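In case you want the letters, here they are:
There are 2 protein chains.
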Amino acid sequence: MVDGGLSSEIKIIGIKGIPEVKPGDDLASLIIDGAQGQGIKIVDGDVLVVTHKIVSKAEGRLVDLKGMTPSKFASMISGEKDPRLVEVVLREAKRIVRMDRNIMIVETKHGFVCANAGVDRSNIGGEDMVSLLPIDPDRSARSIRAEIKKRAKVDVAVVISDTFGRPWREGQTNIAIGVAGLEPILDYRGRKDMHGYLLKVTSIAVADELASAAELVMGKTGMTPVAIIRGYRYVLGESSARALVRLGTKDLFR
Amino acid sequence: MVDGGLSSEIKIIGIKGIPEVKPGDDLASLIIDGAQGQGIKIVDGDVLVVTHKIVSKAEGRLVDLKGMTPSKFASMISGEKDPRLVEVVLREAKRIVRMDRNIMIVETKHGFVCANAGVDRSNIGGEDMVSLLPIDPDRSARSIRAEIKKRAKVDVAVVISDTFGRPWREGQTNIAIGVAGLEPILDYRGRKDMHGYLLKVTSIAVADELASAAELVMGKTGMTPVAIIRGYRYVLGESSARALVRLGTKDLFR
Chain Z
11 MVDGGLSSEI KIIGIKGIPE VKPGDDLASL IIDGAQGQGI KIVDGDVLVV
61 THKIVSKAEG RLVDLKGMTP SKFASMISGE KDPRLVEVVL REAKRIVRMD
111 RNIMIVETKH GFVCANAGVD RSNIGGEDMV SLLPIDPDRS ARSIRAEIKK
161 RAKVDVAVVI SDTFGRPWRE GQTNIAIGVA GLEPILDYRG RKDMHGYLLK
211 VTSIAVADEL ASAAELVMGK TGMTPVAIIR GYRYVLGESS ARALVRLGTK
261 DLFR
Chain A
11 MVDGGLSSEI KIIGIKGIPE VKPGDDLASL IIDGAQGQGI KIVDGDVLVV
61 THKIVSKAEG RLVDLKGMTP SKFASMISGE KDPRLVEVVL REAKRIVRMD
111 RNIMIVETKH GFVCANAGVD RSNIGGEDMV SLLPIDPDRS ARSIRAEIKK
161 RAKVDVAVVI SDTFGRPWRE GQTNIAIGVA GLEPILDYRG RKDMHGYLLK
211 VTSIAVADEL ASAAELVMGK TGMTPVAIIR GYRYVLGESS ARALVRLGTK
261 DLFR
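Chains as they are written, first to last, in the working numbering: chain Z, 11 to 264; chain A, 11 to 264.
Each hint should be verified, as a subset may be incorrect.
One copy or any two copies: either way a pair holds, since identical chains are not told apart in the list.
[Unchecked claim] Pairs of lysine to aspartate or glutamate, EDC-like flavour, derived with a Cα cap of 20 angstroms:
| # | residue 1 | residue 2 |
| --- | --- | --- |
| 1 | LYS76 | GLU90 |
| 2 | LYS202 | GLU137 |
| 3 | LYS202 | GLU30 |
| 4 | LYS91 | ASP35 |
| 5 | LYS21 | ASP110 |
| 6 | LYS32 | GLU157 |
| 7 | LYS76 | GLU117 |
| 8 | LYS202 | ASP138 |
| 9 | LYS119 | GLU180 |
| 10 | LYS21 | ASP54 |
| 11 | LYS91 | ASP54 |
| 12 | LYS32 | GLU137 |
By construction, these hints were calculated from the structure, which means they are not laboratory data. Owing to the predicted nature of the structure, the values given are computational and were not obtained by experimental measurement.
Make the full structure from the sequences, and use the hints.
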């Protein structure tokens, strides 16, 4: 089933019954139980898309701004933002890509380019609490995958998602910041179309498309932190979501 | 059903039985028949994602390079590319964003930023034939929607998709270049999360996410030019896919 051939039908199922996640929680169990609570058994070949927010919570990647003293630089550039939040963003950033109108676009330590380094106040609770991105979202994905294999005896792929803005286009979309068990990029090099013409498209970022597809049931209110994508014939693989990060020297779009 | 609330389950069904499309063909009929051939009846609330390629073909947006004389500029900049193809790209472009290593990133007359202005050789047949993007993909989407309403007596939304590269990230994804019957951007402004915190995310480009989701069954070989997305509770609307184009002055990501 997982041979990278085209699926003729895919199902996307939102998993809603997951309780508020706390540091140290075992996500694999929560996901299995949440699915079971909806009468759904996770099966071989399912792709689990997990919002990074519950991963960050389970991994304790939370910061209380009350304990944060902003540097002089953070205070200077904060504008209308909370300088303590800006301090956290700076600590998570490798590079500031652009700053303006209270928006900071930065490159995170993982290499992702996004607003506020993924530091976020929503869906946490606690007035001054913010969440950070997982330190290594691929490792988080591998760990969830391994635990699900151990407990439910099924082989799944895991995608950790976040919601990013992008250049040229309005609106944000969900993308993959961590993957386990599937190749994030489907390589069409050398494949031909039905007329025998070599395809111009060489690579499709399927992990990002899976994350986007999952967003359609997950939404942004935090009630549906996990989606099961069933019937998608992914390519097994060991690549990291870093494969989705384009290096500056190769990026003509910037 | 189409109230923009969250769906708990979505189905994506690839429609495969559509014959080679020729200029003047009636796409609505081909889509209805193709679905019927798979035993699928299109129903109210379905989103039809249609690859622009068959829209371009039906609308006669095809050019035979044999009849194309490249300008001096096209010949000069063509490098390893076919100068006749470069000529077509220049005619479709409003602006060259970047040129290098045989890749041309341009802004099309619609305002889309993409490689080769969407001019493409694949899935057409005919050695020197290329396809252009539809002149007005929103109008194409509206026309398919109206015809499906007339013939099948159902209210659907239509998304015309293409495969674009993007800055910062590797791999291409499907995005929406035309929409009809749904709001392409879901606006979360003023909505709160489950803890009562005002959401940071203000707008999700659901039309792009629908196009990406559909790509998972459509692929790139041309055999599955249409997908039905069933169960997604979209917001009814009259906005154009131009709403997805970010103006330069607002774009901090560039």
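Evaluated hints:
1. LYS76 to GLU90: within (18 angstroms within a copy, 59 angstroms between copies)
2. LYS202 to GLU137: This pair counts as between: shortest inter-copy Cα distance 13 angstroms, intra-copy 55 angstroms.
3. LYS202 to GLU30: Between copies, since 16 angstroms is at most 20 angstroms while 48 angstroms is not.
4. LYS91 to ASP35: neither (31 angstroms within a copy, 55 angstroms between copies)
5. LYS21 to ASP110: neither (41 angstroms within a copy, 40 angstroms between copies)
6. LYS32 to GLU157: Intra 18 angstroms, inter 52 angstroms, cutoff 20 angstroms: intra-copy only.
7. LYS76 to GLU117: Classified as neither; 25 angstroms inside a copy, 46 angstroms across copies.
8. LYS202 to ASP138: between (54 angstroms within a copy, 16 angstroms between copies)
9. LYS119 to GLU180: between (25 angstroms within a copy, 18 angstroms between copies)
10. LYS21 to ASP54: both (14 angstroms within a copy, 19 angstroms between copies)
11. LYS91 to ASP54: Neither: 46 angstroms inside a chain and 45 angstroms across chains, both beyond 20 angstroms.
12. LYS32 to GLU137: Within one copy only: 16 angstroms inside, 60 angstroms across.
The structure shown violates the earlier hints numbered 4, 5, 7, 11.
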